[in-house]
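Q: Sequence:
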Amino acid sequence: MRLFSPPRRTVRLRLTLLYGALFLVSGAMLLGITYVLVDRATGGFYSYEGPNGRTNAFMESQRKEPQPVPPEGRRWSIAPPSESGGLSPEQAMVEDRLIKEGARRQRSEQLRQLLIQSGFALAIMAVISVVLGWLVAGRVLRRLRTITAAARQISATNLHERLALDGPGDELKDLGDTFDDLLARLEASFEAQRRFVANASHELRTPMARQRTLGQVALSDPDASVESLRAAHERILAAGEQQERVIAALLTLARGHAGIERREPFDLASLTDGIVASRLPEARFRNVTVRTALAPAVATGDGRLAERLVVNLVDNALRHNVDGGRVEIVTETRDGRAVLAVRNTGPVVPEDAICRMFQPFQRLGEERTGRGLGLGLSIVEAIAGAHDALVDTAPRPDGGLSIEVGFPTLSENGDGTAPVRPAHLVRSGRARFGGE
Numbered sequence: 001m002r003l004f005s006p007p008r009r010t011v012r013l014r015l016t017l018l019y020g021a022l023f024l025v026s027g028a029m030l031l032g033i034t035y036v037l038v039d040r041a042t043g044g045f046y047s048y049e050g051p052n053g054r055t056n057a058f059m060e061s062q063r064k065e066p067q068p069v070p071p072e073g074r075r076w077s078i079a080p081p082s083e084s085g086g087l088s089p090e091q092a093m094v095e096d097r098l099i100k101e102g103a104r105r106q107r108s109e110q111l112r113q114l115l116i117q118s119g120f121a122l123a124i125m126a127v128i129s130v131v132l133g134w135l136v137a138g139r140v141l142r143r144l145r146t147i148t149a150a151a152r153q154i155s156a157t158n159l160h161e162r163l164a165l166d167g168p169g170d171e172l173k174d175l176g177d178t179f180d181d182l183l184a185r186l187e188a189s190f191e192a193q194r195r196f197v198a199n200a201s202h203e204l205r206t207p208m209a210r211q212r213t214l215g216q217v218a219l220s221d222p223d224a225s226v227e228s229l230r231a232a233h234e235r236i237l238a239a240g241e242q243q244e245r246v247i248a249a250l251l252t253l254a255r256g257h258a259g260i261e262r263r264e265p266f267d268l269a270s271l272t273d274g275i276v277a278s279r280l281p282e283a284r285f286r287n288v289t290v291r292t293a294l295a296p297a298v299a300t301g302d303g304r305l306a307e308r309l310v311v312n313l314v315d316n317a318l319r320h321n322v323d324g325g326r327v328e329i330v331t332e333t334r335d336g337r338a339v340l341a342v343r344n345t346g347p348v349v350p351e352d353a354i355c356r357m358f359q360p361f362q363r364l365g366e367e368r369t370g371r372g373l374g375l376g377l378s379i380v381e382a383i384a385g386a387h388d389a390l391v392d393t394a395p396r397p398d399g400g401l402s403i404e405v406g407f408p409t410l411s412e413n414g415d416g417t418a419p420v421r422p423a424h425l426v427r428s429g430r431a432r433f434g435g436e
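Note that this note's numbering has the sequence shown beginning at 1, numbered continuously upward.
If you are wondering where the hints come from, they were derived from the structure by calculation, not from laboratory data. No residue lacks a Cβ here, since even glycine has one placed at the ideal position from N, Cα and C. Please note that a few of the clues may not be correct.
Said to hold, decoys possible - Straight line, CA to CA, 25 Å or less: simulated DMTMM-like cross-link-like pairs of lysine to aspartate or glutamate:
1. K100 with D39
2. K173 with E187
3. K173 with E161
4. K100 with E90
Stated by the list, open to error - Distance windows between CB atoms, simulated:
5. R97 with V36: 25 to 31 Å
6. R107 with P168: 52 to 58 Å
7. A103 with I33: 22 to 28 Å
8. L186 with T409: 30 to 36 Å
9. F285 with S189: 39 to 45 Å
10. L175 with G32: 37 to 43 Å
Working from the sequences, and respecting the hints, build out all of it.
A: Here it is as structure tokens:
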């Protein structure tokens, strides 16, 4: 069992020790400089005269240049000259040595007292500086302790709480505001995750329940014929296909959110041309006219993910259209980005519904029993974020949507290994996704 444990080396303790050490070093340097200056100023003071018996005190200067002496001369006498002619040379030399020795001793004692008293004062002030440093460090770190305490209390159930630090706009205030922004993003992320899990569970539970019901009905009918069992089995297979579509879409969405490890160049025009050609029979079936203007637009990223993005946009434009409607598809290079623009006619989309359309499993004017899964534009947003691409979406005045995706080009990413920087910006009646 340990009877003594050393104090924890907190930031406050380290700052206090740093303040005390700096004060002690500065005080010691000041004391040393003072000692040297006093030593130089008093080093030349001692007295002697000569064989005439008169002893004078004067300052022996250490300067190199001689000092001028007035014509009449100056002399400070310790004792008046003797009436009998003064001291003998031997007596004068002895007296001179005694006076010099006394002056040196007095000077040494004065310097020693200077060191002792100054050192004592320095020690007292060092203790005071440590105490003041402890108080000042505690006051400076008070808001940091507030941030630490709040971070310990934060969990998935109270992400709505904020620090809301007050005080001057210093670095700690910036740290508190950044922490509040982080909490806001975490709250939105957790809410989106809960909503996504709930919707995904519902989407997967519905075909599973349909499969189980169809199987139970077919097995419970004692008079079931081969044709009825075949029909039930076909409906069960259709429900299984819907499950596969949901799972495949979820995997694509997760892959888009995971980002891209390696970027390679691909031509948006070539990708789009092949996809449009494969969708022309569906366009004729829906009585929708497709117009294209495909100029070369070389982007960088994952070509397979980009192909899925184009497929989702084209399918979305065809399926959410009107009889006799139009779909315009354009690829071009604009402002240093490879741009894919898909514009379609269709039902009028409310301005406040744009952002909701990019959330998973969200449908506008369509029941869950429809063919759409509500993941098309969510996958578009995820793939665009993985490519550091901009997605600009706006409703058309006469109905339908206009969606533009701006991919980074090869010159923008150098060797194609630049990290992505997804961001999100929402405006009234308009949504922009991506980062720049």
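Q: Look at each hint and say if it fits the structure.
A: For each hint, the structure was consulted:
For the proposed pair K100 and D39, the alpha carbon gap of about 16 Å is at most 25 Å, so the pair holds. In summary, the hint linking K173 to E187 is supported, as the alpha carbons are separated by about 21 Å, within the 25 Å threshold. Of the pairs offered as hints, the one joining K173 and E161 holds, with about 17 Å between alpha carbons and a cut-off of 25 Å not exceeded. This hinted pair checks out: K100 and E90 have alpha carbons roughly 16 Å apart, not beyond 25 Å.
Taken as a hint, the range 25 to 31 Å holds for the pair R97 and V36, whose Cβ atoms sit roughly 27 Å apart. Roughly 53 Å separates the CB atoms of R107 and P168, a value that falls within the hinted 52 to 58 Å. Range check, A103 to I33: Cβ separation about 24 Å, and the 22 to 28 Å hint holds. Evaluation of the 30 to 36 Å hint for L186 and T409 yields a pass: the beta carbon distance comes to about 33 Å.
Range check, F285 to S189: Cβ separation about 40 Å, and the 39 to 45 Å hint holds. Range check, L175 to G32: about 41 Å between beta-carbon atoms, so the 37 to 43 Å window is met.
Checked against the numbered hints above, the structure breaks none of them.
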